[in-house]
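Q: Chains A and B, in that order, give the protein sequences.
The opening position of the first sequence corresponds to residue 1 in UniProt numbering, with each subsequent residue numbered one higher.
The opening position of the second sequence corresponds to residue 1 in UniProt numbering, with each subsequent residue numbered one higher.
Keep in mind the hints are simulated off the structure, nothing from the lab.
Hints may contain errors.
Identical chains share a label here; the pair holds if one copy fits it or two copies do between them.
As the list claims (entries may be wrong) - Pairs of lysine-lysine residues, derived as PhoX-like cross-links and limited to a Cα-Cα distance of at most 25 Å, are as follows:
{"id": "1", "residue 1": "258", "residue 2": "117"}
{"id": "2", "residue 1": "343", "residue 2": "298"}
{"id": "3", "residue 1": "514", "residue 2": "115"}
{"id": "4", "residue 1": "342", "residue 2": "295"}
{"id": "5", "residue 1": "295", "residue 2": "377"}
{"id": "6", "residue 1": "327", "residue 2": "343"}
{"id": "7", "residue 1": "343", "residue 2": "117"}
{"id": "8", "residue 1": "387", "residue 2": "417"}
{"id": "9", "residue 1": "387", "residue 2": "377"}
{"id": "10", "residue 1": "440", "residue 2": "514"}
{"id": "11", "residue 1": "342", "residue 2": "115"}
The residues making up each chain are set out below.
There are 2 protein chains.
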Amino acid sequence: MNRSTQVFQTVAAGGAFHIEDIFPIIDSGRFPVKRVVGEPIEVWADIYRDGHEVIAAALIWRREQDQDWQRAPLRHVVNDRWTATFTPDQIGRYVYAIEAWTDEFATWRHGVELKLKAGQDVTLDALEGAGLLTKAQHGGAEALAIVHRQCDEYLQTGEVGPLLAPELRDAMGESQARLDVTRSALLPLMIDRERARNGAWYEMMPRSQSTVPGQHGTFRDCIARLPDIAAMGFDVLYFTPIHPIGRVNRKGRNNSLKAEAGDPGSPYAIGAEEGGHDAVHPELGTLDDFHALLKACKLVNLEIALDIAVQCSPDHPWLKQHPDWFKRRPDGSMKYAENPPKKYEDIVNPDFTCEDAGSLWNALRDVILFWVDQGVKIFRVDNPHTKPLRFWEWMIREVQLRHPDVLFLAEAFTRPKLMKGLAKLGFSQSYTYFTWRTQKWEIEEYLRELTGYPERNFYRPNFFVNTPDILPFHLQGGEPWMFRSRVALAATLSSTYGIYSGFELLEHEPIPGKEEYLDSEKYEIRVRDWDKPGNIKPYIRAINSARRANPALQQTSNLRFVDIQDANVTGFIKQSPDLSNVVAVAIALSRDFHEFWFPLGDVQVEIGGERRPVAAVENLLTGERHAVEWGGLNLRIDPQRDPALLFRCLA
Amino acid sequence: MNRSTQVFQTVAAGGAFHIEDIFPIIDSGRFPVKRVVGEPIEVWADIYRDGHEVIAAALIWRREQDQDWQRAPLRHVVNDRWTATFTPDQIGRYVYAIEAWTDEFATWRHGVELKLKAGQDVTLDALEGAGLLTKAQHGGAEALAIVHRQCDEYLQTGEVGPLLAPELRDAMGESQARLDVTRSALLPLMIDRERARNGAWYEMMPRSQSTVPGQHGTFRDCIARLPDIAAMGFDVLYFTPIHPIGRVNRKGRNNSLKAEAGDPGSPYAIGAEEGGHDAVHPELGTLDDFHALLKACKLVNLEIALDIAVQCSPDHPWLKQHPDWFKRRPDGSMKYAENPPKKYEDIVNPDFTCEDAGSLWNALRDVILFWVDQGVKIFRVDNPHTKPLRFWEWMIREVQLRHPDVLFLAEAFTRPKLMKGLAKLGFSQSYTYFTWRTQKWEIEEYLRELTGYPERNFYRPNFFVNTPDILPFHLQGGEPWMFRSRVALAATLSSTYGIYSGFELLEHEPIPGKEEYLDSEKYEIRVRDWDKPGNIKPYIRAINSARRANPALQQTSNLRFVDIQDANVTGFIKQSPDLSNVVAVAIALSRDFHEFWFPLGDVQVEIGGERRPVAAVENLLTGERHAVEWGGLNLRIDPQRDPALLFRCLA
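Given only the sequences and the hints, what does the whole structure look like? Please build it.
A: Take a look at the structure:
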């Protein structure tokens, strides 16, 4: 082997710089970091090269579809760690990266300064510096003018002085070529609208909104209900599926295998001869009625969220239009959904692995785009964990590239890593285990996980106190203090939370031994007295009102637990990013009377540009004020009156 | 936009599975993990897909230049975390990855078992299962034979039983198509020979090995010295540069700017008319003499390490042959090395950014390959942190692809991340801050950093007690106990350590106020009495002998500190991977008498396949035995006698 003739090779991966340990990042940049528009993003990285050269670095970012980068200089902090902050001003998908390069002129300047200090001759150095100036041709006109002016001055005087002017250093930083610029991988970032982070959800079945017993509710009935829901302070009104319901193998009351005449069936058995996922159940009304509902919602600041369940009743039109999307059994019969030994004869799952999967994927995306065109921007996705991960990643991206304001909530109650995987691949929000977390240690442990790293960068919890499928054991006693405690926990621990209608009426009748509702309205029409005595609507209104008035409660990852010496009281602090709004919360988890110390420690409140310790607190529900003494508060909770104390901290 | 005609797109990055949080990994796979041949490598990863399917996963690996993958099944542990272990059996560069796929047949089998348990009819399921068998066509002949046999049996009997046979499940695991196999990124791995991890280094200047005062030592003189060095128990004999020394601007004694007649110059001013980096200094002998030396080393189990300094004296042949590799100043003069305000007039640095950098890179690599051809397999690289990172990454790779047994030690004393960066990009071993760490807290903190994650996967420390450039303050008192304490610390904390000759003679005369040797042999020829009274050669021999006899001391990252209630005694345990060899060490860091408790806690020793607590310990230097009482040892150290206690733990 003749070595001397071997061709010089560069290492593909190696730039002049190592750019390492970038923050924030998720799985090495495989998935996007999530933020909300207007939120500053602090970026950190280790950046270094060989030698003693002066280096510079910049944070660069752009929307995925844009061409031009925006730039901000990175600042060296300590030990080769650099930082910069940027604030994307639009919603949508971004990429960001880090660039580093050698500042040749600053390196020269630094050397000359050291030589001058040591009394060395710098005549030749000055010539070399001027040589660098003559090569400068980048940057703005202003910078170039400074370069030319200082160069001229040097040539006239022969003195090094003009070459050492600080403004020349800055101008050359802009004007000289960046010969060894190294760029990190491009890292994805999703900037959502505010509602992705913050909102109170109210879930209901539109067909249960009639006021006439036994009568199928309509969108018009829903419109009549809006003032009540809006008055409770909710932001999002989430409807279970609104599509035609299958007749074949329809389920009867309480999930019985045979429907009786008149049984409406489960809205999750989607599709009938009237249409499929892009149709409206005729008994709810028309698409025009739905438009009227959307319009009425806007008037009371409610936003509609629709339920997307990727499953078909046996009489869904797709089974005839696209028989190849569905599996058949060896005897030619339909392959119904099953999770052995459970069978779901009223549902058929499309086969994501079928040969024509491409058209299936497109059709499912087009269902979303259809509803977006109608004006729906929030989708709660039913059981996403049983459909391919890469389908969701593709579909959410497809939709958000066209409509960056669309949000997706993943209703997956499954293993933790799969739930987190769905959040990583693009779901804007996720259901959680909160629904079953009742003990202080497990609530605090779980919240520390969700608000810690890396989860806080991609997992946005939506805390539901109940769902049509889940009546947790702790609510089955029907105790008002427990309902209050749960809604206070959900609404203050998480900036996004929800209740399923009936909760405000303390509904709590289970199928014996199960965490399920008896006579579930999933299988029958229900008409309620929404002002039934004993309801906790005023309490929910008060809590939601406190959330709206206090930016500190509109974030989740700002949560900081405090040490309460009572195993059945959890206490925590939330601060708005600018510290102007600080909220202290204590919530009882047991029905007995509690008296305890709430330490405020080093908590500070910003007022008039100054940070001060907490001097007093104001009860957000009653308006009462207490002075802070000995750095904390001696508090009492009588859960029968109110299990939660919410305070605004005053400086 | 006609949505229905849009082409189906897949997400490039997305497979059916998420494969996350792989261990071991360095910077997302950007740099290789390091191991030594024969060391088992435990691999972990989170692996999941949607749904309830039964999945399978495998670890795959191969040498970079090989085509075929080796495979080992991954085992599910808990919570979607999988693991497997592999042990590469050759040295060299490997890649490894994780593959996951759906086991369609096992999924079918699991469903049928649940249905049978629930008493459901499985006639159609059996047909579906048999259908899977007919598609099986991969795997070995044995597996296929089982598939065919069970299929026949089902067809004859019509019973599902033959389809549920465990051997069929295993055979189908091998034979069925893996339709949705997802492979992780390929992760690099460097498997080195044992010497990369373990070895005692002796550094010397070959020209100082003459026995005649004032006479330039030769390779023949070095051969005469070998028995003495081997008897001390060293493994590697490291020579400062052996090349011709420049005459232009040669430095005089004590680094003076002007050499007197007869001054030999610094061996780091490489190159003269006699040759450059691939030549031997004539006064040391010929290349043949060097070969004789290498042969003599082999006889006493010593391995030569050469010093590579990428710098040239002004009369290095390259300056004439490749003037374009070197920068000139505006007046046409040579641009000497400098680190303002320091100047190095006896050295010129080649310019890695010159237009002809390709030929420079190749020439530097060829220098290494030349010495490898002579039989040298270890290179200590001088100041690698002042040459481009990507040059080293390229060069080390180029050399190791041809000669995977070649090792590189990075002599970089610089900022921590740059030192770690050099280790990541490929240096087999690295110098450390140990040379200056004297306090218990800082020794333990630094060792915890080096033996923790991720450092332990790429940074192999080589603990030097002194170097020609560093006579640390704590040695300047010349106290024998301190020299013993330092060599004991270096040799037991790190499996690779070194001394620079003269240490064994307690040489300690500094340039006043500096951590540098007075009359440094970098600038003059030295002749020593290697058996000078008061030398600590017997002590070094005893320590090295203990290292050789105890596998526990041949690793670094197995270090575990124990809690010694004495601020000037550090204590630790090291265990061989199989626990058959366990060593307990206590070393005094101050000269006063120490008495302290050494807790052995839960330390276990494996003997005859059984793990037992420590019953007694045997002093590795004196052979004395002590019984363990109350789970530990009451120990006494008189540093004037011996500052270190090394015990082998006995069950």
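Q: Each hint should be assessed against the structure and marked as holding or not.
A: Here is what the structure says about each hint:
With identical chains, the CA atoms of residue 258 and residue 117 are at most 25 Å apart between copies only, with a shortest distance of 24 Å across copies and 95 Å within one. Taking CA atoms no more than 25 Å apart as the test, residue 343 paired with residue 298 passes in neither setting, with 41 Å inside one copy and 75 Å between copies. In the homo-oligomer, the alpha carbons of residue 514 and residue 115 lie at most 25 Å apart only across protomers (22 Å), although the nearest pairing inside one protomer, at 82 Å, exceeds that limit. For the homomeric pair residue 342 and residue 295, neither the shortest alpha-carbon distance inside one copy (41 Å) nor that between copies (76 Å) is at most 25 Å.
For a Cα distance limit of 25 Å, the shortest separation of residue 295 from residue 377 inside one copy, 14 Å, qualifies, whereas the shortest one across copies, 79 Å, does not. With identical chains, the CA atoms of residue 327 and residue 343 are at most 25 Å apart within one copy only, with a shortest distance of 15 Å there and 79 Å across copies. With identical chains, the CA atoms of residue 343 and residue 117 are at most 25 Å apart between copies only, with a shortest distance of 14 Å across copies and 85 Å within one. For a Cα distance limit of 25 Å, the shortest separation of residue 387 from residue 417 inside one copy, 15 Å, qualifies, whereas the shortest one across copies, 43 Å, does not.
Taking identical chains as interchangeable, the C-alpha atoms of residue 387 and residue 377 lie at most 25 Å apart only when both belong to the same chain, with a minimum of 22 Å there against 55 Å between chains. In this assembly of identical chains, the alpha carbons of residue 440 and residue 514 lie at most 25 Å apart only when taken from the same copy (23 Å versus 60 Å across copies). Taking the closest pair of Cα atoms, residue 342 and residue 115 come within 25 Å of each other only across two copies (9 Å); inside a single copy the shortest separation is 82 Å, beyond that limit.
Hints 2 and 4, counting from the list given before, are not met by this structure.
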